[in-house]
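One letter stands for each residue in the lines below.
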Amino acid sequence: MMIRGDQHVDDWAEVAVDYLDGQLDPDSRLAVESHLAGCPDCAARLRKQQSVVRFLQETPLYDPPEDLEYRAIGEIVFPSPGGQPLLGPVEAEKPYRTPNWYRTLRAWIPATVAIVALLAAVVGYGIARSGSGPETAASSSRAAGDLTTFAASATTVAPEATMTAAGVASTSAGATSAGVTSTTALAAGPPATDAAPVTLAATQDRKTMIRAIETAQAPAYVSFRAPVAAPTADGQSTATSAAGGADTTSTETQTTAGGTTETAGGTTETAAGVPADTMTLPTVSQDQAVSIVQQITGFTGLLPLDESMWLEGPTFAAFLPREDAEELVDLVRSIGVSLGLVVRVEGGPPAMGNSPSESLLEHKKSFAVLAAQRALQPATWGYDFTTSTLAAGTGEKSGTPMPDEAGTHVIVVIWIAR
Amino acid sequence: MSLSPQVRDADTYLIERARSGDTDALTELYRRHERRVYNLALRTLGNPWDAADVAQEAFIKAFRNLDSFKGEARFTTWLHRIVVNAAYDHLRRQRPEPMDGDILEGISGPGGGGAVVGSGRDGIDPAIDGLSDPLRDALMSLNEGFRFAVVLCDLLGFPYDEAAEILGVQEGTIKSRIFRAREALAAALTEAGYAPPGERNPGPQTGVTSQGTTGERRG
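Listed in order, the protein sequences are those of chains A and B.
Here the first sequence is numbered in the working numbering, starting from 1 and rising by one per residue.
Here the second sequence is numbered in the working numbering, starting from 1 and rising by one per residue.
Among the hints, a few may not be true.
Said to hold, decoys possible - A few chain A residues facing chain B, derived, Cβ under 7 Å:
| id | residue |
| --- | --- |
| 1 | Ala13 |
| 2 | Glu14 |
| 3 | Leu46 |
| 4 | Gln49 |
| 5 | Leu61 |
| 6 | Pro64 |
| 7 | Pro65 |
What the hints assert, rightly or not - Taking CB as the label site, the calculated pair distances span:
| id | chain 1 | residue 1 | chain 2 | residue 2 | range |
| --- | --- | --- | --- | --- | --- |
| 8 | B | Gly21 | A | Gly348 | 34 to 42 Å |
| 9 | A | Gly5 | B | Gly193 | 34 to 42 Å |
| 10 | A | Ser359 | B | Trp49 | 49 to 57 Å |
| 11 | B | Thr12 | A | Asp306 | 26 to 34 Å |
| 12 | A | Asp205 | B | Arg64 | 34 to 42 Å |
| 13 | A | Ala43 | B | Trp49 | 39 to 47 Å |
| 14 | B | Pro134 | A | Glu323 | 25 to 33 Å |
| 15 | A | Asp67 | B | Pro134 | 49 to 57 Å |
Since the hints were made in silico from the structure, they are not lab data.
Keep in mind that this is a model prediction, so the values were computed, not measured.
Glycine is no exception: its CB is placed at the ideal position from the N, C-alpha and C atoms.
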């Protein structure tokens, strides 16, 4: 391609778009660059294009309103009396209630079932053991209730998912003697609250978090915390945000408020199984902690550190290329939102007695490198929205010197404050 | 997060199950797409009420017609084409008169100007709807064809060829549109004090902002 001296970017806008995407063949790129070298106006316009593109790409998407799901599929799932079924042979009287764990599980089932199940069993056991006595007892009894719910709901989901979920449960049951706690915790699944109104205290802006990690001098500390529920007139939402595992049922109640009596009946039954004492102080529940660990490991392959290096709870650490701060922030924020927890980039390690953060940093030679792997959009069927994913590992570069901690990389410590 | 290969054709799997009456599969199918569909409607219509209405309408239409989805296009393409058509229809309904700049301003500008048009929600405090950002105003100042293209490609991350298929235009048209739309957005954002530092402001290209209608829509 040739660009004549009098052909400014308006004459080759399509080429300019490809140029900004890095999609031009070498000849065309050379033609563009040689024009830009002699044409400050076009060069300035392309720089401006680039900054607008970045601005747009960094603009977060909004969450759909909570009632949209019911509005969009309620009529199909629950045809009005006398109305035509909108799908084929809709099963009669099936309550509209997709378990929340199903949604979250699906995302990471394929590659990581075995390792995550094993891990969850071990970590779940550790969390249970480190918890206080009464709390553990309470969560056990609640977990028993959840297991019943789980068994009931498993019959209503796709056979494939049921099979997989059952496989997960049995794997972890066989993996440890802490069978009861860990298995039920996993079966109860991540108590996702993304449909619930959550009162988050001190939530950080996404861009602030990204900048904080990009520019961190010391290790960057990222915490998962329970939200401090602000007292509101709406007692329901306050309790919901604070109550961890209990909120799944509340959420369902809200979502299906317009639903059939069958649904209402089922929900009530479930809610009755939740002890009232879970509606007290906001803490990161065991279920939530297990879910965070599962999701971080499932999405990145990163494993939690040895318990001796934990800060206030299960702790991860990795070298992160600073340019991948955005991917990390998006991941931890999405996990936090799905569980109704606050995710923050902290100014430093938590103040603790025996200064575990020092011993943590003594082990930094063993930290993995957590980096975004960027993939092209799939050319065929695909869920092609995001093109990069975080993955831990040393890859082919194992044995190379430690990543440049001060310059290109930063150590990121992620922990669950329990 | 991008999904692993095993999950990539989850849409196909879920559609099959939904066609046979599996409502959980339908729910899952909905949840996979709700975010992008809603944001497409939100960013092209400019307010969350209309966006929710249009997203609802599009999903119902798509799910009622799942049987007519033949798998020749991707499901995302097919679905978003329905959303785009529903959004265009909504804009038409709001604006029975031929579009002109003043009326559009009345639609898009919360508290901005005189014309009370459409749903009567225009007087609502923009802070309430969570969309009081300058980007909204900048986007709504674009002509529709440009707005849909830049929202699909730059905000929602659709590849150009898929965006072209969704909008029923050539891929080259998409590219030249987003180029001009970005320049117009840069100008509008700079004016609102938001733009990243630019060298100078060449001003929007003729025809990008809403001085007249663009011709094409669905194909």
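Comparing the hints with the structure gives:
1. The beta carbon of Ala13 of chain A comes within 4 Å of a beta carbon in chain B, closer than 7 Å, and the hint placing it at the interface holds.
2. The beta carbon of Glu14 of chain A comes within 4 Å of a beta carbon in chain B, closer than 7 Å, and the hint placing it at the interface holds.
3. Hint status for Leu46 of chain A: violated, given a least beta-carbon distance of 10 Å to chain B, over 7 Å.
4. At about 5 Å, the closest approach between the beta carbon of Gln49 of chain A and any beta carbon in chain B falls short of 7 Å, and the interface hint on this residue holds.
5. Because the beta carbon of Leu61 of chain A sits about 5 Å from the nearest beta carbon in chain B, less than 7 Å, this interface hint is met.
6. The criterion of a C-beta within 7 Å of any C-beta in chain B is met by Pro64 of chain A, whose closest approach is roughly 4 Å, and the hint holds.
7. The beta carbon of Pro65 of chain A is positioned within 7 Å of a beta carbon in chain B (closest approach about 5 Å), and the interface hint is therefore held.
8. A beta carbon spacing of about 55 Å between Gly21 of chain B and Gly348 of chain A contradicts the range 34 to 42 Å that was offered as a hint.
9. Between Gly5 of chain A and Gly193 of chain B, the C-beta spacing of about 36 Å keeps the proposed range 34 to 42 Å intact.
10. Here the CB-CB span from Ser359 of chain A to Trp49 of chain B is close to 54 Å, well matched to the stated 49 to 57 Å.
11. In this structure the hint that Thr12 of chain B and Asp306 of chain A lie 26 to 34 Å apart at CB is violated, the actual value being about 43 Å.
12. Checked against the given bound of 34 to 42 Å, the beta carbons of Asp205 of chain A and Arg64 of chain B, roughly 40 Å apart, stay inside it.
13. At roughly 43 Å, the beta-carbon separation of Ala43 of chain A and Trp49 of chain B lies within the given 39 to 47 Å, and the hint holds.
14. The hinted window of 25 to 33 Å between Pro134 of chain B and Glu323 of chain A holds, with their beta carbons roughly 27 Å apart.
15. A hinted range of 49 to 57 Å for the beta carbons of Asp67 of chain A and Pro134 of chain B is inconsistent with their spacing of about 28 Å.
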